[in-house]
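So the protein sequences, as listed, match chains A and B.
Just so you know, we're using my numbering here: the first sequence kicks off at 1 and counts up by one.
Just so you know, we're using my numbering here: the second sequence kicks off at 344 and counts up by one.
Source of the hints: derived by calculation from the structure; they are not laboratory data.
Do not take every clue at face value.
SDA-like cross-link-like pairs, simulated, lysine to any residue; straight-line CA separation at most 20 Å [said to hold, decoys possible]:
1. 600(B) with 334(A)
2. 60(A) with 32(A)
3. 108(A) with 461(B)
4. 549(B) with 335(A)
5. 108(A) with 549(B)
6. 108(A) with 600(B)
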Amino acid sequence: MIEETDISDEKLLNAYKNLIMERVMDKKMLNASRQGFLPFYIPLMGHEAMHIGLGLALRKQDFIYPYYRDFGVLLQMGIPIDTIMSQVFATANDNALGRAMPDHFSLKKYNIGAVITTVAGHLMSATGIAYARKYREIDGGVLTTFGDGATSTPDFHVAMNFAGVYNLPLVFFCENNGFAISVPTYPNESGQTDAYEETKGMIYKKAEAYGFSGIRVDGTNFIEVYKNTRKALENSNNTPILIEAMSYRMGPHSTADDPNKYRKNDVTEGSEKDPVIVSQRLLKEMNILDDNKIKEIEDETEDSSSKLINKYEKAAKPDKNTILDNLYEEEPWYITEERGDLQ
Amino acid sequence: MVYYRRKGRFAVTSMTMVKALNSALDNAMERDDSIILLGEDVGVDGGVFRVTDNLIKKYGSARVMDTPLSELGIVGFGIGMSMAGLRAIPEIQFQDFIYTAMDQIISQMAKLRYRTNGDYTLPMVLRTPYAGGVHGGPYHSQSGEEYFATTQGLTVVTPSNPYDAKGLLLSSLNLNDPVIFLEPKRLYYAGKMDVPDDYYTVDLRKAKLLNEGDDISIITYGPAVPLVMNTVKKNNINADVIDLRTINPFDIDAILKSVQKTTRVLIVTESPKMFGVSAEISATLAEKAIDYLSAPILRVAGLDIPIPFALEDYYVPNEKRIMNAVNKIMQYR
Ligand SMILES: Cc1ncc(C[n+]2csc(CCOP(=O)(O)OP(=O)(O)O)c2C)c(N)n1
Ligand SMILES: [Mg+2]
Numbered sequence: 001m002i003e004e005t006d007i008s009d010e011k012l013l014n015a016y017k018n019l020i021m022e023r024v025m026d027k028k029m030l031n032a033s034r035q036g037f038l039p040f041y042i043p044l045m046g047h048e049a050m051h052i053g054l055g056l057a058l059r060k061q062d063f064i065y066p067y068y069r070d071f072g073v074l075l076q077m078g079i080p081i082d083t084i085m086s087q088v089f090a091t092a093n094d095n096a097l098g099r100a101m102p103d104h105f106s107l108k109k110y111n112i113g114a115v116i117t118t119v120a121g122h123l124m125s126a127t128g129i130a131y132a133r134k135y136r137e138i139d140g141g142v143l144t145t146f147g148d149g150a151t152s153t154p155d156f157h158v159a160m161n162f163a164g165v166y167n168l169p170l171v172f173f174c175e176n177n178g179f180a181i182s183v184p185t186y187p188n189e190s191g192q193t194d195a196y197e198e199t200k201g202m203i204y205k206k207a208e209a210y211g212f213s214g215i216r217v218d219g220t221n222f223i224e225v226y227k228n229t230r231k232a233l234e235n236s237n238n239t240p241i242l243i244e245a246m247s248y249r250m251g252p253h254s255t256a257d258d259p260n261k262y263r264k265n266d267v268t269e270g271s272e273k274d275p276v277i278v279s280q281r282l283l284k285e286m287n288i289l290d291d292n293k294i295k296e297i298e299d300e301t302e303d304s305s306s307k308l309i310n311k312y313e314k315a316a317k318p319d320k321n322t323i324l325d326n327l328y329e330e331e332p333w334y335i336t337e338e339r340g341d342l343q
Numbered sequence: 344m345v346y347y348r349r350k351g352r353f354a355v356t357s358m359t360m361v362k363a364l365n366s367a368l369d370n371a372m373e374r375d376d377s378i379i380l381l382g383e384d385v386g387v388d389g390g391v392f393r394v395t396d397n398l399i400k401k402y403g404s405a406r407v408m409d410t411p412l413s414e415l416g417i418v419g420f421g422i423g424m425s426m427a428g429l430r431a432i433p434e435i436q437f438q439d440f441i442y443t444a445m446d447q448i449i450s451q452m453a454k455l456r457y458r459t460n461g462d463y464t465l466p467m468v469l470r471t472p473y474a475g476g477v478h479g480g481p482y483h484s485q486s487g488e489e490y491f492a493t494t495q496g497l498t499v500v501t502p503s504n505p506y507d508a509k510g511l512l513l514s515s516l517n518l519n520d521p522v523i524f525l526e527p528k529r530l531y532y533a534g535k536m537d538v539p540d541d542y543y544t545v546d547l548r549k550a551k552l553l554n555e556g557d558d559i560s561i562i563t564y565g566p567a568v569p570l571v572m573n574t575v576k577k578n579n580i581n582a583d584v585i586d587l588r589t590i591n592p593f594d595i596d597a598i599l600k601s602v603q604k605t606t607r608v609l610i611v612t613e614s615p616k617m618f619g620v621s622a623e624i625s626a627t628l629a630e631k632a633i634d635y636l637s638a639p640i641l642r643v644a645g646l647d648i649p650i651p652f653a654l655e656d657y658y659v660p661n662e663k664r665i666m667n668a669v670n671k672i673m674q675y676r
């Protein structure tokens, strides 16, 4: 949530630290799920540069309606880590009392929409939010994220259509990781998507049919993501836009998934297209980072993330009596009766 | 079709249900600039049943929005507006076309407050004409209240006369939760009654005792109410007639009070019987009032088929079916 358009070296370095934090935390959270501390988990590896770029691009006055794979966006936005971790581990401190799956944040006071599991189920909500803000002449834009798979849903097309018809201050940001679980966005002959080559379908081009422009950015380069998204947000008063960020889901879809069944892992950790490696290369070129600093940040992050995970693995769960709260503002008689079933 | 009059310090006008709903929307929009109407043909055209007639002239196209033809879009757009502090009133032109928006209704609208523990609330009223009466066949005559009533988090409201229509709609607009407001289209122009021109409310979650009697409790709502009342009057049935007005959560106290007195129950709905609202009321009575009952609970409902075009009248409940059921219940020893 930075105010100015040009990023200082310090902010870039801080962004890099957040990117490493996301990478390290991701591994630890995946591990926590394997050990039974998390019943379900949605890995992030490969998405970090998009998340950090988005977090950098969002200004205080902007609104984001994320999807379920956006942990790092909140890190970079500066949302308190306790708020984030309490949600992921569904603890008693969670804003939503552990009612939603990990990474399903809902933080109205930070201008963050309520993440929904239904793929693309939030896109019309983001569209309506953009209309409300335009109607109330609120400064800033609305940004919503979603995967490549989401672009096959009716919700996506309807939302794009409404955004075009009403010329809404809305940035559609597609985190194209090449796959909807096991199904490639646009399969090539061997059934794979190579996210780094022109595929036969191009998501960003769909915008043209709805009366606004679409662009494609390198989703492994957080500075490119930041620059294009910030520009889009600044220009959102004039037009909606669709940004397609090309990336690669380096891990499994979820903890219930074995990707070896359906694809070869061509972007592995430490390889050229790994967002961590791309970021290191960029910041080294800018003389912001060197090998010593890289090692130092790694060690620091390893240490702080271990402490965090330990803390939240052990954190208390919400009280069972809360589960019947807040269905309606005024509790119906049958809910009151069902309180007896909890005793 | 005038069940009761209300005169006094308010100016009243004799209105159809359509006019009463229009008056409610007008009153509400005048008081609160966060209210936005949206839907197909609701603006310039004033809605296909004219419920939103002339409102665009008074409030402009930013508040009375002719939307693209997408029910998913209309409902989703309204949800987003209400998440951001407005109070959306989406109209679905016919209940029959709501199904492409069912995901939005079930997954987002109904669950938002609960799954965020109140971080987000959804003050919105989704209006739609429902049930038969215009010979619209399978795609202009469906009831469907059960789909909404069975979804946790929704409040389902349906009026049976112009006075209630206005007062219930204005009450719904005071809730901080989503309301499915089902308007019985057969009653839209079925008759006029005196309705205050000014703002007033009718309590939600409160049934209305339309007729008092000792022999039997007839529980009904919405499109079936006039039929039940006419049947009761014509045949001199000594019945309590309960108009639920809110289907979920229904007024259990009013029902129990009546059933304890009469000990005999008939439930009349225009929607089909199997798995219907009547089933829920019957089951609840079986749980809470079995000791009072002196006869089986019977139901008169729409037939368990899609609503047919030419022979719609055979599908919906009628006087004969109601009388057969009443006689069966009364003769049971
Ligand atoms: C409407 C809907 N259908 C199916 C699912 C199950 N599901 C969860 S994620 C997913 C794939 C989504 O792919 P994409 O939109 O590309 O996002 P990604 O997970 O790759 O980030 C599917 C099929 C769902 N959550 N919602
Ligand atoms: Mg994907």
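Failing hints, ascending? Numbers 2, 5 and 6, in rising order.
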